[in-house]
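Given the sequences, and given the hints that come with them, work out the whole structure.
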Amino acid sequence: MSETPLLKIEALSKGFAGVPVLANVNFSLRAGERLGLIGPNGAGKTTLINVITGAHAPDAGRVVFQGRNITSLPPHRRNRLGMARSFQILSLFPEMTVVENIRNAVLRYRGLHVQFWRRLARLEDVLAAAVHYAALAGLGHALDQRVDTLPYGMQRRLDIALVLAQQPELMILDEPAAGLSAAETRDVVAVLASTIGTCALILVEHDMDVVYALADRIMVLDYGSVLAEGTPAEVRANPEVRRVYLGEAAG
Amino acid sequence: MTMYERVLQRQRLRGEAVSRQGKLGEAAATILLLGVLAAAPLFASRAMVNDLGQAVCLGLFGISFNIVFKYSGLLSFGHAAFFGFSAYAEALLLQSFGNFPVPLLVLAAGLSTALLGFLLGQICVRREGAYFSMTTLAIGAGFYSVAFKWSAVTGGTDGLDGFMPDNLTVLPGWQWDSPGITQTYWLVLAILIPSALAAWALLELTPFGNAVRAVRQNEKRTKFLGYDTHHVKLANFTLAAALAGIAGALWAIDNSFVSTDSIDLTFSTTVIIIAFIGGTAWYWGPVIGAVVYIAASDWLSALTPHWQIWLGLAFILMVLFAPGGIAGLVRAGWTTIAARARRRMNV
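Each protein sequence line maps, in turn, to chains Y and A.
Anchor point for the first sequence: position 39 equals 38 in numbering that gives the first Met the number 0, and the numbering is continuous, going up by one each time.
Anchor point for the second sequence: position 344 equals 343 in numbering that gives the first Met the number 0, and the numbering is continuous, going up by one each time.
Hints are computed from structural coordinates only; laboratory data are not their basis.
One thing to keep in mind: the hints can contain errors.
[Said to hold, decoys possible] Calculated Cβ distances over 10 angstroms to all of chain A for the following chain Y residues: (1) His-75; (2) Thr-148; (3) Leu-149.
[Unchecked claim] Far from chain A, some chain Y residues (derived; all Cβ distances over 10 angstroms): (4) Asn-23; (5) Glu-183; (6) Ala-192; (7) Thr-197; (8) Asp-221.
[As the list claims (entries may be wrong)] Mimicking SDA-like on lysine to any residue, the simulated pairs with C-alpha atoms at most 25 angstroms apart in a straight line are: (9) Lys-219/A x Thr-45/Y; (10) Lys-219/A x Gly-110/Y; (11) Lys-219/A x Ala-177/Y; (12) Lys-7/Y x Ile-69/Y; (13) Lys-219/A x Asp-58/Y; (14) Lys-219/A x Arg-79/Y.
Note that beta-carbon positions come from the ideal geometry of N, C-alpha and C, so glycine has one too.
Structure, rendered in structure tokens:
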């Protein structure tokens, strides 16, 4: 394949206090591809996301995004190249309203985020865009609610709205359905399925129904290494994967 | 698209209704405060106007401290470095360029202090919590010892005086022959109020101010939304330094005297006390704190030589039982009265 991948992870290793968490991880992601990242607790999934997005520096290896080595770029520079992430433990602006939260993302995406010579209230198209993304995530009825008064399920959707509002090329979602009821999980999957479009996706999730619904390729991490990789059907049929992760009962 | 427009309209109307009362109350309080300060010479004694002149400079200094504290969540222990630096700078500028218009000299001192804040901010703003405070403490101590030791420039313990020109140039072609207390007071306010209002507008009305608040609420998420959070905090720190600079320069003009009192570590704690007594939640709270501080120090020092003990006690009680300061108490009282009145009208 001559096309350069959107994201290329080369021989990535990372340890904490001498304990290896990622050991020589390699994979690549084409534009628009949707990768489900699964594995037991402590397999290194969140660490891998943190290294890709710049929260942690790797001990060895490279992160190449859009053909550019971004291994040493800080998180905000990587974000501006077109990768947006959500957080397993919710990370929002608790004292702002839903629409103000999303507006923070829209302002940055449009490069207006530190303008000091214009009135924020006059930037009506920014507000309109924020309202748009709130509605996409099913929060159209809660625009003026302060986030710390919002039920957990709606905060989860707001997290996704923040990612969508950045119109990224690569979306990295860390357990977007964590802590949600079955009904709420279905809502979140529906929102994602209808909005991802041509955006590439890395999805960390324990709920296999969510992974099967959204991912067209699955990678299994175990003890910091890639245990298996392939289509959902291939991974499901892999005996090794069934042993360490899915359990004998699965499939 | 029409649906969005409708939703947008609804959200704007509702948002306005919710926040209108609070905002109107704050605006009314601001106008009242600034109006009383501006009109003070019309009804107050000369001694009071003299005190108020000091109080408003201290108040602007308190606002500067609070811009770092309230908007960036950082507690500066060495804020007097900026105030004192600018006070000395203004004294030296007046000595050399006494025939220049005063606003220009104040602007020059303020901009130099902003530059100083930008440079020092590179060191301290990257640090958080106690580490930020310790770095600013070290900076404050360093500036104090320079002012104390470098007597060739600063006058050492004697300080600087006699730098005020006899003819004060207010604007090109407009001179005051040895201006009185009231004239100086109004000149100070004419520079002070627009400066404070400009900083308020930057922080409360613009996308920049929104970025500062976003970083304060959740720096990690802001970073992952693509904001350069270090630069946002640095810009806010620089803005605060500029205001501290204007406050220090006006203080030098108002007092016609600058000493190490305006740059030592005690003064760095005084500004913390002022901000907390007045109330850190309201932008103008520190101005109230400064007026109360000056009044209390006048009144208490006439009663007892140990007046600072009582003031310190008042500060402790304030922090423990009224963390919103005087502004917070007034607001709570007003809210209670308004709610009671509304209930009575409904019944």
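Results for each hint:
1. With a closest Cβ-Cβ approach of about 5 angstroms to chain A, His-75/Y is found to fall inside the 10 angstroms limit, against its non-interface label.
2. In this structure Thr-148/Y is separated from chain A by more than 10 angstroms, as the shortest Cβ-Cβ distance comes to about 13 angstroms.
3. No Cβ of chain A comes within 10 angstroms of the Cβ of Leu-149/Y; the nearest lies about 15 angstroms off, and the non-interface call holds.
4. The beta carbon of Asn-23/Y sits about 26 angstroms from the closest Cβ of chain A, which is more than 10 angstroms, so the claim that it is off the interface holds.
5. With a least beta-carbon separation of about 21 angstroms from chain A, Glu-183/Y lies farther than 10 angstroms from that chain, consistent with its non-interface assignment.
6. At the 10 angstroms boundary, the C-beta of Ala-192/Y stays outside the reach of chain A, the nearest C-beta of that chain being 22 angstroms off.
7. Non-interface call for Thr-197/Y relative to chain A: holds, since the shortest CB-CB distance, roughly 21 angstroms, exceeds 10 angstroms.
8. Every beta carbon of chain A lies more than 10 angstroms from that of Asp-221/Y, the smallest distance being close to 27 angstroms; the non-interface claim holds.
9. Of the pairs offered as hints, the one joining Lys-219/A and Thr-45/Y holds, with about 16 angstroms between alpha carbons and a cut-off of 25 angstroms not exceeded.
10. Restraint check: the Cα-Cα separation between Lys-219/A and Gly-110/Y comes to about 19 angstroms, which is no more than 25 angstroms; the hinted pair holds.
11. About 20 angstroms separates the Cα atoms of Lys-219/A and Ala-177/Y, which keeps this hinted pair within 25 angstroms; it holds.
12. Of the supplied pair hints, the one linking Lys-7/Y and Ile-69/Y holds, its CA atoms being roughly 10 angstroms apart against a limit of 25 angstroms.
13. Taking the CA atoms of Lys-219/A and Asp-58/Y, the gap is about 22 angstroms. The hint holds against a cut of 25 angstroms.
14. Of the supplied pair hints, the one linking Lys-219/A and Arg-79/Y holds, its CA atoms being roughly 15 angstroms apart against a limit of 25 angstroms.
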